[in-house]
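The lines below spell out each chain.
2 protein chains.
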Amino acid sequence: MLEPVKVGILGLGTVGGGTVHILQQNAEEITRRAGRGITVTHAGAKEINQTHPFRTDNIVLAQLTEVVNDPEVQIVVELLGGTTIARDLTLQAIANGKHIVTANKALIAKHGNEIFAAAQKQGVIVAFEASVGGGIPIIKAIREGLAANKIKWLAGIINGTSNFILTEMRDQGREFTDVLAEAQQLGYAERDPTFDVEGIDAAHKLTILASISFGIPLQFDKAYTEGISKLTAEDVHYAEELGYRIKCLGIAKRTETGIELRVHPTFVPKTHLLANVEGVMNAVLVQSDMLGQSLYYGAGAGALPTGSAIVADLVDVVRSLTTDPGNRVPHLAFQADALSDFPILPITEVESAYYLRLTALDKVGVLAQVTTILSQNGISIEAIRQHEPQGGASSVSIVLLTHKVLEQQINQAITAIEQLEGIAGKVMRIRLEMLTK
Amino acid sequence: MLEPVKVGILGLGTVGGGTVHILQQNAEEITRRAGRGITVTHAGAKEINQTHPFRTDNIVLAQLTEVVNDPEVQIVVELLGGTTIARDLTLQAIANGKHIVTANKALIAKHGNEIFAAAQKQGVIVAFEASVGGGIPIIKAIREGLAANKIKWLAGIINGTSNFILTEMRDQGREFTDVLAEAQQLGYAERDPTFDVEGIDAAHKLTILASISFGIPLQFDKAYTEGISKLTAEDVHYAEELGYRIKCLGIAKRTETGIELRVHPTFVPKTHLLANVEGVMNAVLVQSDMLGQSLYYGAGAGALPTGSAIVADLVDVVRSLTTDPGNRVPHLAFQADALSDFPILPITEVESAYYLRLTALDKVGVLAQVTTILSQNGISIEAIRQHEPQGGASSVSIVLLTHKVLEQQINQAITAIEQLEGIAGKVMRIRLEMLTK
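So the sequences go chain by chain: A and B.
Each residue of the first sequence is one higher than the one before, starting from 1 at the first, in our numbering.
Each residue of the second sequence is one higher than the one before, starting from 1 at the first, in our numbering.
Please keep in mind that the hints were generated in silico from the structure rather than gathered at the bench.
Misleading hints may appear alongside valid ones.
Chain copies aren't distinguished; within one or between two, either way the pair holds.
Simulated pairs of lysine-lysine, DSS-like, Cα-Cα distance not exceeding 27 Å [stated by the list, open to error]:
(1) Lys426 / Lys6
(2) Lys6 / Lys150
(3) Lys270 / Lys230
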């Protein structure tokens with residue numbers, strides 16, 4: 001049997017720990033699969049703490065640059081996060097001829113085009129299964145498993161923190177800020193939760209999924225991003241009443257005129273499989289022309305699930321060490337010289353159905369005015385409900401579901417509705433997707 | 001760009017037609033991914049019909065043996081079905097140095113060990129993604145995506161015909177034979193439905209999944225197989241009442257003493273994702289040590305979904321044409337010399353919870369006798385319901401859920417219960433799985 005492959009890890013956090021644990025704990029199973037061992041020989045950190053649990057006789061603790069420059073290291077696992085030092089070290093490791101395995105979605109979404117170009121020049125692989133959906137082999141499924149298909153759209157629950165918060169809001173009837181505080185205590189949300197709850201993390205992942213689905217370059221800056229922080233317990237409740245559930249979805253869709261790339265809270269029919277993905281779990285639904293719908297579900301975060309994807313990538317890279325670099329699975333699923341310049345659509349050109357919630361002062365005629373405005377903007381109504389004031393309140397909640405309409409039309413209608421004398425405050429609007437075909 | 005790879009197809013049925021259609025329809029997308037074209041140049045059948053739709057200027061229609069012997073053909077796609085001619089031609093193609101792509105689950109489950117050994121000797125690939133779960137990339141997910149994991153168990157809805165029948169029985173309250181007749185009319189069931197409704201097809205697929213999950217040789221003859229043909233509308237109804245749904249599952253599980261390999265109708269909690277896989281759809285749930293639960297869902301049959309998996313395999317094989325044969329993904333996920341002889345357990349040694357339905361003549365004391373027998377056999381009761389006779393019938397249905405117990409214990413108890421004077425006919429028993437961990 002060949003010698004074990006030598007791996008250097010950048011970053012000594014929980015995912016690094018999980019990766020080392022898996023390689024040790026399942027060494028026998030992994031070797032039986034890969035045909036040779038995989039060993040972490042070097043680990044690097046910004047500050048080396050000699051009492052860190054990584055310190056075993058077999059792992060050399062070193063400066064980050066030492067790891068990427070060490071001639072012994074064949075594969076570098078980048079687990080630093082962020083897009084500055086991580087980018088520099090990744091490019092340096094590539095320049096040194098090392099293969100890369102990374103869990104860094106921000107790095108790939110923002111600098112992937114540059115990194116893949118450098119990797120191709122050097123004939124090395126950059127593997128990034130762990131960057132989307134934690135341990136779910138979703139990159140592999142789309143890039144290889146669906147290779148026969150033209151992908152039409154995909155919709156994913158790809159941020160566990162948001163999904164946990166939405167699940168709790170629904171189950172317990174609680175408000176966003178309340179559940180967020182609990183999620184922070186449980187370690188499901190960061191102290192600064194912006195990346196998770198404002199949809200940025202999901203947009204990084206969606207950018208990657210869209211590229212490998214449609215064969216387009218990574219274009220994170222064109223993704224539309226809307227988080228869950230403005231949702232209220234009231235909206236969650238009305239969704240249930242109407243037969244829906246609110247999920248924060250990343251949606252990428254091929255249309256006649258371009259590609260939709262959007263993250264936002266979404267009404268999903270209650271009986272849909274995606275509506276039943278609960279807590280911190282992730283799932284991606286893919287609609288493709290030959291297979292039809294397929295769905296991939298599992299743990300989207302955590303040291304061991306993420307480590308599972310990293311180790312799977314390591315096994316893939318190990319198998320490719322002796323192969324013809326020109327004949328590997330392309331980084332973005334399509335050959336680098338065959339990427340398409342099909343445009344990403346601005347959100348104003350995206351078509352969607354909507355849930356609208358208006359607060360009407362209890363005045364005669366306001367409902368007629370609202371429906372007139374919708375009609376004038378070419379928006380037809382699927383359902384409408386009026387919720388009577390409770391406990392002597394003088395305002396009424398009006399809840400509407402619309403048929404499909406262009407974003408710019410709903411925007412115009414909402415602006416007009418908010419100017420009505422009988423309407424108090426802002427109109428709440430949430431997109432609605434049936435996800436059937 | 002390299003010349004297109006030349007493919008010969010054996011069998012001119014619907015899946016063959018689907019495969020040719022996909023390769024033509026999505027030629028551009030496939031070439032952008034694979035880096036070169038993939039073309040069907042030859043097609044073989046037992047009887048060549050010159051008016052067959054395959055007859056284009058570009059596809060040579062030939063005898064089966066001509067296709068596998070033609071020096072131009074690089075990859076043979078075997079779509080004949082069966083295990084006699086298909087086996088001979090597959091082995092002959094391998095001997096001729098050709099790679100194989102097959103959708104033939106029976107062939108792999110029964111003769112896979114022999115076929116893979118021959119392929120390894122010749123340095124060729126036998127790809128069989130289409131043999132399980134239609135177009136769902138489940139072989140790839142387990143074999144490559146979960147390579148870091150020790151797989152604990154998997155449970156799959158892997159026969160669409162059975163799942164369609166069970167869905168209809170539940171939705172419409174209809175009886176098995178009634179729905180089967182409809183499924184046959186719709187083309188969801190064969191004229192001889194034995195393979196589908198008696199669990200044999202699912203057992204072929206489960207045998208394959210177990211091998212790639214646990215690293216054991218294919219052992220179809222040791223699979224326990226029980227179909228859905230004895231289920232009644234009454235059982236389907238009681239399942240719902242108790243908060244469960246009946247699904248025909250293939251279950252493979254690693255225990256301390258051996259591997260369980262069993263196909264049977266199963267009570268599954270109603271809110272479980274697997275319980276909500278409806279109609280002809282397939283899904284496989286995998287419990288592994290590092291990732292935890294992951295699920296893969298999609299179309300399990302049909303010309304285009306199956307063709308989707310065949311073409312994905314073709315792309316994989318094309319990428320491997322220039323690679324080191326020693327460094328490929330092993331056929332059964334684990335290196336051929338690293339397969340384990342961990343035994344398959346006989347069904348009597350399998351532990352499971354049970355649903356039991358007894359028909360009691362309306363006699364005093366029969367319930368006490370039944371619970372005494374269960375207790376004597378070490379079986380504790382989770383729930384018990386008695387359904388009063390309707391319309392003047394004198395017999396009562398008693399429905400029981402038990403805790404986990406060895407199969408041989410429940411068998412003994414059932415034998416004793418059936419001998420009671422107050423019990424009419426046979427005891428209906430269905431296994432129950434929570435599928436939580």
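Hints versus structure:
For the identical chains of this complex, Lys426 and Lys6 are neighbours neither inside a copy (58 Å) nor across copies (62 Å), given an alpha-carbon limit of 27 Å. Proximity of Lys6 to Lys150 under the C-alpha cut-off of 27 Å is restricted to the inter-copy arrangement: shortest distance 22 Å between copies versus 38 Å within a copy. For the identical chains of this complex, Lys270 and Lys230 are intra-copy neighbours only, at 21 Å inside a copy versus 33 Å across copies, given an alpha-carbon limit of 27 Å.
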